[in-house]
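*Asks:* Per the numbering used here, residue 325 is the first one in the sequence shown, and the count goes up by one each step.
By construction, these hints were calculated from the structure, which means they are not laboratory data. A portion of the hints provided could be inaccurate.
Stated by the list, open to error - Lysine-lysine pairs mimicking DSSO-like chemistry, simulated, CA-CA at most 27 Å apart:
| no. | residue 1 | residue 2 |
| --- | --- | --- |
| 1 | Lys452 | Lys414 |
| 2 | Lys452 | Lys420 |
| 3 | Lys456 | Lys420 |
| 4 | Lys453 | Lys414 |
| 5 | Lys420 | Lys455 |
| 6 | Lys453 | Lys420 |
| 7 | Lys414 | Lys456 |
| 8 | Lys414 | Lys455 |
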Amino acid sequence: MTDSVLEILPRYKKIMVFTKTSIVGENMLFPSIQILGIEACHEIRSLNDFSRINDATNLRKCWIRDCDGMECIFPSWINNPFVQTVEYLKLVNLHKLDELLEANIIAKSSAPPGTFSSLEVVRIFSCKKLKKLFPSWKLVEYLQSLESIDVNNCEEME
325 MTDSVLEILP RYKKIMVFTK TSIVGENMLF PSIQILGIEA CHEIRSLNDF SRINDATNLR
385 KCWIRDCDGM ECIFPSWINN PFVQTVEYLK LVNLHKLDEL LEANIIAKSS APPGTFSSLE
445 VVRIFSCKKL KKLFPSWKLV EYLQSLESID VNNCEEME
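Please model the entire structure based on the sequences and the hints provided.
*Replies:* Next up, the structure:
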């Protein structure tokens with residue numbers, strides 16, 4: 325059974341949700357945001373397409389669904405502070421997604437201390453091209469808080 329958005333919202337005060345009609349207003353992203361939801365934004369290829377995503381230093385929950393253009397969630401994750409604060413990550417129906425983290429960056433450098441240290445829950449459904457959840461064993465040491473991984477209908481997952 326998966327969490328619905330309504331089940332996780334009451335504990336959080338700052339919420340921002342983008343849909344295909346509201347992505348133009350993305351300049352409102354600010355440091356106190358705790359939940360980020362992105363749905364049916366077919367033109368975005370990664371979270372870096374949001375110009376102020378690095379301002380989301382208090383992000384706790386992130387869900388992305390039905391974004392046909394999404395190829396990689398964190399292409400330049402080293403400079404992305406919320407990889408240290410995100411606790412819950414849910415990805416659904418991202419049919420072009422082939423990487424959660426850009427493998428080339430991981431191969432060339434070490435992850436900064438605290439990377440994904442707050443991550444507790446990862447849920448991934450129907451991301452058919454996704455081959456690896458974490459492309460390097462280098463990241464395993466940072467996953468101290470991880471409690472649950474749920475991956476379903478990801479046909480190319482190794």
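*Asks:* Please go over all the hints and tell whether each is borne out by the structure.
*Replies:* Hints, one by one, checked against the model:
| no. | hint | verdict |
| --- | --- | --- |
| 1 | Lys452 - Lys414 | 15 Å, holds |
| 2 | Lys452 - Lys420 | 8 Å, holds |
| 3 | Lys456 - Lys420 | 14 Å, holds |
| 4 | Lys453 - Lys414 | 16 Å, holds |
| 5 | Lys420 - Lys455 | 11 Å, holds |
| 6 | Lys453 - Lys420 | 6 Å, holds |
| 7 | Lys414 - Lys456 | 15 Å, holds |
| 8 | Lys414 - Lys455 | 16 Å, holds |
Consistency with the previously given hints is maintained throughout, with no hint failing.
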